[in-house]
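Protein chains in written order, with numbering that gives the first Met the number 0: chain A, 0 to 155; chain B, 0 to 155; chain C, 0 to 155.
It is worth saying that the hints were derived from the structure and are not from the lab. Warning: the hint list may mix true and false statements.
The list that follows gives simulated cross-link-like pairs (lysine to any residue, SDA-like), each with its CA atoms no further than 20 Å apart [stated by the list, open to error]:
1. C:Lys78 - A:Thr7
2. C:Lys77 - A:His89
3. B:Lys78 - C:Asp41
4. B:Lys77 - B:Ser103
5. A:Lys78 - B:Gly151
6. A:Lys77 - B:Ser152
7. B:Lys78 - C:Gly151
8. A:Lys77 - B:Lys77
9. A:Lys78 - B:Arg116
10. A:Lys77 - B:Pro8
11. C:Lys78 - C:Arg9
12. A:Lys77 - A:Asp37
13. B:Lys78 - B:Asp67
14. A:Lys77 - A:Ser11
15. C:Lys77 - A:Lys77
16. A:Lys77 - B:Arg9
17. C:Lys77 - C:Thr7
18. B:Lys78 - B:Arg107
19. B:Lys77 - C:Lys78
20. A:Lys77 - B:Asp67
21. C:Lys77 - A:Arg9
22. A:Lys77 - A:Pro8
23. B:Lys77 - C:Arg9
24. C:Lys78 - C:Val134
25. B:Lys77 - C:Lys77
26. C:Lys78 - A:His89
27. A:Lys78 - A:Leu94
28. C:Lys77 - A:Asp36
Stretch by stretch, here's where chain B covers chain C in the computed footprint (C-beta under 8 Å, at least three residues) [to be verified]:
29. 33-46
30. 60-70
All C-beta atoms, glycine included, are put in the ideal place defined by N, C-alpha and C.
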Amino acid sequence: MSDSTPSTPRGSADPFVPAELYTQVQQFYARQMGLLDDGFPDAWADTFTEDAVFQEASRLDEPLRGRDAIRDSSRARKKRLEAEEIDFRHWLGMLDVRPQADGSLHARSYALAMRTRRGGELDIFASVVCHDRLVSVEGAWQVAERDLHHDGSGRD
Amino acid sequence: MSDSTPSTPRGSADPFVPAELYTQVQQFYARQMGLLDDGFPDAWADTFTEDAVFQEASRLDEPLRGRDAIRDSSRARKKRLEAEEIDFRHWLGMLDVRPQADGSLHARSYALAMRTRRGGELDIFASVVCHDRLVSVEGAWQVAERDLHHDGSGRD
Amino acid sequence: MSDSTPSTPRGSADPFVPAELYTQVQQFYARQMGLLDDGFPDAWADTFTEDAVFQEASRLDEPLRGRDAIRDSSRARKKRLEAEEIDFRHWLGMLDVRPQADGSLHARSYALAMRTRRGGELDIFASVVCHDRLVSVEGAWQVAERDLHHDGSGRD
């Protein structure tokens, strides 16, 4: 955020999206993150496109490329969490949706990552800004690109 | 979450609900939890059906059965919080709504429970998954069954 | 919250607002708070009316009066956060919207204030109840009055 930051961000005059679209995306995220948190890594992977790119700058050396890589990663994650007896929740909110010229959606949201070990205390440990490109595939939204920025990891 | 967990959860192909219904349920929860947090135990109890069942496996030995029991419990709760000078907030989000064949709704949401003692620090102490059965009574939604699962209390 | 608290709060029978209005206000807040969190104090100030009043009883000796005062305050805030290398997030939810007779909206929401210093831990440090009066100016919502109550600061 340098002194050359414009005083008005790009797209701030974009119209709001209709209620049907907005609530579809809200429901998409509630179900998508529920699949991960409930331990369904395969169904979770199916919410990404075949060629999806999953970036998490401060956590992954390289982006995950493709649904198979996302599935493998989330299966391994599930085993780790079960071994450590951890309940994990991903909470998204403050959703902003911008339709793009190609029919895809840019969805920005805030996310909190939290975990509770069995018998332990709730630990809300990360605030993350999530930028998704959502595309419609056979009538259902899928994530084609996900880009996660962890607060505290340095300016983007 | 055993190895026999299916790779796809039941109901993952259910259509999303229309915006009017989704935002009605969002508003229902904002007002319902607001009644509890603002110290209106009687009005809170009236958001449950006469024969509502309120389960909280890790906190209650027995479910609360009926609106009268819910009212008594929340009146006692209010006195405790006032004596301890605690502001309490229940924050629900990540809402997923599934209409049932009998006209009721299954609503799942994530909930955070948090408290602040007068002059003290914010303490967000529990992540909970809330499963409600909502029924329409004279045009208004009421909770007929609430089942709360606290993270960290063991697999359901 | 004395013994004279009525058992039912004012307005609890108000109808829910239509989905289009509810999701417009959700989107308004996602973008508005995003402007502040992303470091656009001027665009943030433009989401308030020229004569807006910004109250924060437990943090401000005097309300901020007018868009210019809000802009100055948020510019100073941005400099402080940059100097301290802090990512700040304002998360609003549990939104309740009540249309008023004069065409304005009373919007109540819960808010969490959180910060992460570069390389540091997430600190969710305040739970706040936000009461806004929103007015429509040339087709866009603006905040005419904002009244913030921090939990733990004493009964209102």
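Okay, the hints, checked on the actual structure:
Between C:Lys78 and A:Thr7 the CA atoms are separated by roughly 17 Å; this keeps the pair inside 20 Å, and the hint holds. As the CA atoms of C:Lys77 and A:His89 are separated by approximately 28 Å, the hinted pair breaks the 20 Å bound. Taken as a hint, the B:Lys78 and C:Asp41 pair is broken in the structure, with Cα atoms around 45 Å apart against an allowance of 20 Å. Simply put, B:Lys77 and B:Ser103 have alpha-carbon atoms about 30 Å apart, too far for the 20 Å limit, and the pair is violated.
Using a Cα cut-off of 20 Å, the hinted pair A:Lys78 and B:Gly151 holds, with the two alpha carbons roughly 17 Å apart. In summary, the hint linking A:Lys77 to B:Ser152 is supported, as the alpha carbons are separated by about 18 Å, within the 20 Å threshold. Between B:Lys78 and C:Gly151 the CA atoms are separated by roughly 17 Å; this keeps the pair inside 20 Å, and the hint holds. At roughly 40 Å between alpha-carbon atoms, A:Lys77 and B:Lys77 are farther apart than 20 Å, so this suggested pair is violated.
Simply put, A:Lys78 and B:Arg116 have alpha-carbon atoms about 39 Å apart, too far for the 20 Å limit, and the pair is violated. For a cut-off of 20 Å, the pair hint linking A:Lys77 to B:Pro8 stands: about 15 Å separates their Cα positions. Using a Cα cut-off of 20 Å, the hinted pair C:Lys78 and C:Arg9 is violated, with the two alpha carbons roughly 42 Å apart. Restraint check: the Cα-Cα separation between A:Lys77 and A:Asp37 comes to about 9 Å, which is no more than 20 Å; the hinted pair holds.
Restraint check for B:Lys78 and B:Asp67: the C-alpha separation of about 17 Å stays at or below 20 Å, so the hint holds. A distance of roughly 39 Å separates the Cα atoms of A:Lys77 and A:Ser11; the hinted pair therefore is violated under the 20 Å criterion. With a CA separation close to 40 Å, the supplied pair C:Lys77 and A:Lys77 exceeds the 20 Å bound. A hinted pair counts as satisfied when its Cα atoms are at most 20 Å apart, and A:Lys77 with B:Arg9 qualifies at roughly 19 Å.
A threshold of 20 Å between alpha carbons decides the hint, and for C:Lys77 with C:Thr7 the separation of about 42 Å lies outside it, so the pair is violated. Only pairs whose Cα atoms come within 20 Å are accepted, and B:Lys78 paired with B:Arg107 is rejected, the gap being roughly 29 Å. Under the criterion of a C-alpha separation no larger than 20 Å, the hint pairing B:Lys77 with C:Lys78 is inconsistent with the structure, at around 42 Å. Between A:Lys77 and B:Asp67 the alpha-carbon distance is near 42 Å, which puts this suggested pair outside the 20 Å criterion.
Proposed proximity of C:Lys77 and A:Arg9 is supported: the alpha carbons are some 19 Å apart, at most 20 Å. Taken as a hint, the A:Lys77 and A:Pro8 pair is broken in the structure, with Cα atoms around 39 Å apart against an allowance of 20 Å. Restraint check: the Cα-Cα separation between B:Lys77 and C:Arg9 comes to about 19 Å, which is no more than 20 Å; the hinted pair holds. Taking the CA atoms of C:Lys78 and C:Val134, the gap is near 30 Å; set against the 20 Å cutoff, the hint is violated.
In summary, the hint linking B:Lys77 to C:Lys77 is not supported, as the alpha carbons are separated by about 40 Å, beyond the 20 Å threshold. Of the supplied pair hints, the one linking C:Lys78 and A:His89 is violated, its CA atoms being roughly 31 Å apart against a limit of 20 Å. Of the supplied pair hints, the one linking A:Lys78 and A:Leu94 is violated, its CA atoms being roughly 30 Å apart against a limit of 20 Å. For a cut-off of 20 Å, the pair hint linking C:Lys77 to A:Asp36 is broken: about 35 Å separates their Cα positions.
With a threshold of 8 Å between beta carbons, the proposed coverage of the region 33-46 of chain C by chain B is violated, since 0 of its residues qualify and at least three are required. Requiring three or more residues with a Cβ within less than 8 Å of a Cβ of chain B, the coverage given for the region 60-70 of chain C is violated, as only 0 such residues are present.
Taken one by one, the earlier hints fail for this structure at numbers 2, 3, 4, 8, 9, 11, 14, 15, 17, 18, 19, 20, 22, 24, 25, 26, 27, 28, 29 and 30, listed in ascending order.
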